[in-house]
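Enquirer: For the sequence shown, counting from 1, position 225 maps to 225 in the working numbering; every step adds exactly one.
Among the clues, some could well be false.
Think about it this way: if two alpha-carbon atoms lie no more than 25 angstroms apart in a straight line, the pair counts; the simulated SDA-like pairs of lysine to any residue are [to be verified]:
1) K76 / C137
2) K59 / E44
3) K46 / G68
4) K205 / K177
5) K140 / R168
6) K141 / L167
7) K198 / K46
8) K277 / A347
9) K372 / S383
10) K177 / K190
11) K46 / I17
12) K198 / K61
13) K190 / K277
14) K205 / R168
15) K205 / K277
16) K61 / A94
17) K46 / R24
18) K362 / A347
19) K214 / Y254
20) K190 / R168
21) K280 / D250
22) K140 / D112
23) K190 / L167
24) K263 / K141
25) K61 / R89
26) K58 / K141
FRET-style restraints, in silico, Cβ to Cβ [what the hints assert, rightly or not]:
27) R24 / L102: 44 to 52 angstroms
28) A94 / F305: 36 to 44 angstroms
29) V204 / R310: 32 to 40 angstroms
30) V322 / A94: 46 to 54 angstroms
If you're looking for bench data, these hints aren't it; they were derived computationally from the structure.
All residues carry an ideal CB built from backbone N, CA and C; glycine is no exception.
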Amino acid sequence: MALHHRFFFCGGVRAGIDGYDRERFFNIAAQRELSVCEISEDHETKAVTFWTKVSDFKKMKPVARKTGTRLSIVSKFGLPFFFHRNRRRKLFAAGLLTFFLLLFWLSRFIWDISFEGNRRFTDEMLLHYMETLPVACGMKKSDISCEELESGLRGAFPEISWVSAELRGTRLIVHVKENEAVLTPEFPDKTPCDLVAKRDGTVVKTVTRSGICKVKAGDPVTAGTVLVEGTVPIYDDSMTLVNARQVHADAEIYAETAYAYEKTLPRTYEVRAKTGKVRKGIFLEAFGHSFYFLMPDRDGGSWEFVMEQRQLRLFENFYLPVYGAVITANEYVPYERAYTEAEIQAAAGRLEQEYMENLSEKAIQILGNDDKIETDGSGIRISGVMTVVEDIAEASPIENSEENQTFHERN
Numbered sequence: 001m002a003l004h005h006r007f008f009f010c011g012g013v014r015a016g017i018d019g020y021d022r023e024r025f026f027n028i029a030a031q032r033e034l035s036v037c038e039i040s041e042d043h044e045t046k047a048v049t050f051w052t053k054v055s056d057f058k059k060m061k062p063v064a065r066k067t068g069t070r071l072s073i074v075s076k077f078g079l080p081f082f083f084h085r086n087r088r089r090k091l092f093a094a095g096l097l098t099f100f101l102l103l104f105w106l107s108r109f110i111w112d113i114s115f116e117g118n119r120r121f122t123d124e125m126l127l128h129y130m131e132t133l134p135v136a137c138g139m140k141k142s143d144i145s146c147e148e149l150e151s152g153l154r155g156a157f158p159e160i161s162w163v164s165a166e167l168r169g170t171r172l173i174v175h176v177k178e179n180e181a182v183l184t185p186e187f188p189d190k191t192p193c194d195l196v197a198k199r200d201g202t203v204v205k206t207v208t209r210s211g212i213c214k215v216k217a218g219d220p221v222t223a224g225t226v227l228v229e230g231t232v233p234i235y236d237d238s239m240t241l242v243n244a245r246q247v248h249a250d251a252e253i254y255a256e257t258a259y260a261y262e263k264t265l266p267r268t269y270e271v272r273a274k275t276g277k278v279r280k281g282i283f284l285e286a287f288g289h290s291f292y293f294l295m296p297d298r299d300g301g302s303w304e305f306v307m308e309q310r311q312l313r314l315f316e317n318f319y320l321p322v323y324g325a326v327i328t329a330n331e332y333v334p335y336e337r338a339y340t341e342a343e344i345q346a347a348a349g350r351l352e353q354e355y356m357e358n359l360s361e362k363a364i365q366i367l368g369n370d371d372k373i374e375t376d377g378s379g380i381r382i383s384g385v386m387t388v389v390e391d392i393a394e395a396s397p398i399e400n401s402e403e404n405q406t407f408h409e410r411n
């Protein structure tokens with residue numbers, strides 16, 4: 001930024017100096033602490049100019065007489081001269097004053113909240129929680145406690161190890177740091193239970209840690225079949241049942257199972273062919289009220305509307321509660337087109353990939369897929385059966401949950 005811009009509020013002048021003792025003039029001005037900056041000389045005319053404050057320019061006149069130099073004003077800069085030029089325009093001055101008063105009032109509120117460093121938690125999740133505190137856009141900055149906000153975020157989200165909130169202009173910026181690995185205390189479940197099959201399948205592998213496994217590799221099972229019993233019998237030396245202890249069954253029972261998926265597509269789909277006609281418009285939103293203007297459609301065609309909304313700001317950290325956008329409308333002509341064989345195969349591939357990704361997220365091993373495509377009068381049916389290996393064991397509470405049961409045989 002040019003040095004003379006610091007004279008914006010107090011007013012500055014660009015002065016020209018003529019005479020043979022100009023160097024002495026600048027030395028005396030420096031001794032008297034008169035502001036002088038941006039001294040320049042024209043190489044052709046040898047004219048020297050410099051910037052100074054209005055008040056200091058008046059004090060330089062005796063120095064100019066003493067050194068035999070002449071001063072002249074080349075240009076003026078700053079608010080005092082601006083107001084002087086527009087002193088007869090009362091409405092303009094009143095509007096300008098109102099504008100600055102409005103900016104001052106808006107500067108007392110928060111109009112933008114942003115987050116930095118968050119990956120696991122989206123901005124929407126954090127904003128939703130902050131509204132419960134409450135902390136939201138439109139609040140006075142004096143009503144926001146950064147310390148309480150930081151403490152609340154750390155308490156509500158244990159995965160966040162560090163939080164720093166700061167106010168910059170009309171913005172609230174929240175810096176967060178998330179734990180790479182969340183360490184949560186694990187308390188083993190000791191509730192007595194059996195393990196039952198949650199799906200039909202064929203057992204391929206068993207890993208039992210507690211309880212009595214009732215199945216082995218190769219056994220077919222149906223949903224609800226007891227895989228591991230949580231009731232462990234206790235025998236004496238003569239192999240007589242004298243006690244039964246109930247435990248929390250713990251095991252992994254891997255079985256080969258099948259997942260079926262299906263999707264039906266219509267025989268045709270809509271295609272929008274653009275005609276090349278474009279309409280432009282503007283959109284404004286302020287304080288919850290919106291307004292838009294778009295050139296009228298005289299032909300009554302079909303249009304696609306695209307709008308990218310942005311928040312207005314004066315400076316980097318001075319956001320305003322005003323949103324604006326340019327509306328672009330493209331005319332199109334809709335028509336129906338039948339799916340080609342390549343498009344059907346691509347749709348089937350996308351459906352299969354989506355289903356495989358969903359199973360992979362659950363740590364399910366995929367062995368293969370058998371899909372087929374059928375076409376009839378109602379549409380195009382894409383179906384498939386995916387063969388997988390997964391842990392099918394799930395806990396099932398034991399009806400009688402007493403820790404110990406003693407069985408006595410009486411004659």
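Enquirer: Do the alpha carbons of K372 and S383 lie within 25 angstroms of each other, as the hint requires?
Expert: 6 angstroms, holds
Enquirer: Holds or violated: the 44 to 52 angstroms window for the beta-carbon distance between R24 and L102?
Expert: For L102 against R24, whose Cβ atoms are near 50 angstroms apart, the range 44 to 52 angstroms holds.
Enquirer: Taking 25 angstroms as the top limit, are the C-alpha atoms of K280 and D250 close enough?
Expert: 66 angstroms, violated
Enquirer: Is K141 within 25 angstroms of L167, Cα to Cα?
Expert: 8 angstroms, holds
Enquirer: A range of 46 to 54 angstroms was offered for this pair. Does it hold for the Cβ distance of V322 and A94?
Expert: Roughly 21 angstroms apart at Cβ, these two residues miss the hinted range, so it is violated.
Enquirer: What's the verdict on K190 and L167, does the C-alpha distance respect the 25 angstroms limit or exceed it?
Expert: 49 angstroms, violated
Enquirer: Would you check the hint for K214 and Y254, treating anything up to 25 angstroms between C-alpha atoms as holding?
Expert: Given that 25 angstroms is the threshold and the Cα spacing comes to 13 angstroms, the pair holds.
Enquirer: Regarding the pair K59 and E44, is the alpha-carbon distance no greater than 25 angstroms?
Expert: 29 angstroms, violated
Enquirer: Please verify whether K140 and D112 have alpha carbons no more than 25 angstroms apart.
Expert: 12 angstroms, holds
Enquirer: Tell me if the beta carbons of V204 and R310 are separated by a distance inside 32 to 40 angstroms.
Expert: 56 angstroms, violated
Enquirer: For the pair supplied as a hint, K61 and A94, confirm whether the alpha-carbon distance does not exceed 25 angstroms.
Expert: 36 angstroms, violated
Enquirer: Hey, K205 versus K177, does the alpha-carbon distance stay inside 25 angstroms?
Expert: Since the Cα atoms of K205 and K177 sit roughly 42 angstroms apart, the hinted pair is violated (cutoff 25 angstroms).
Violated hints for the displayed structure, listed by number in ascending order: 1, 2, 4, 7, 8, 10, 12, 13, 14, 15, 16, 20, 21, 23, 24, 25, 26, 29, 30.
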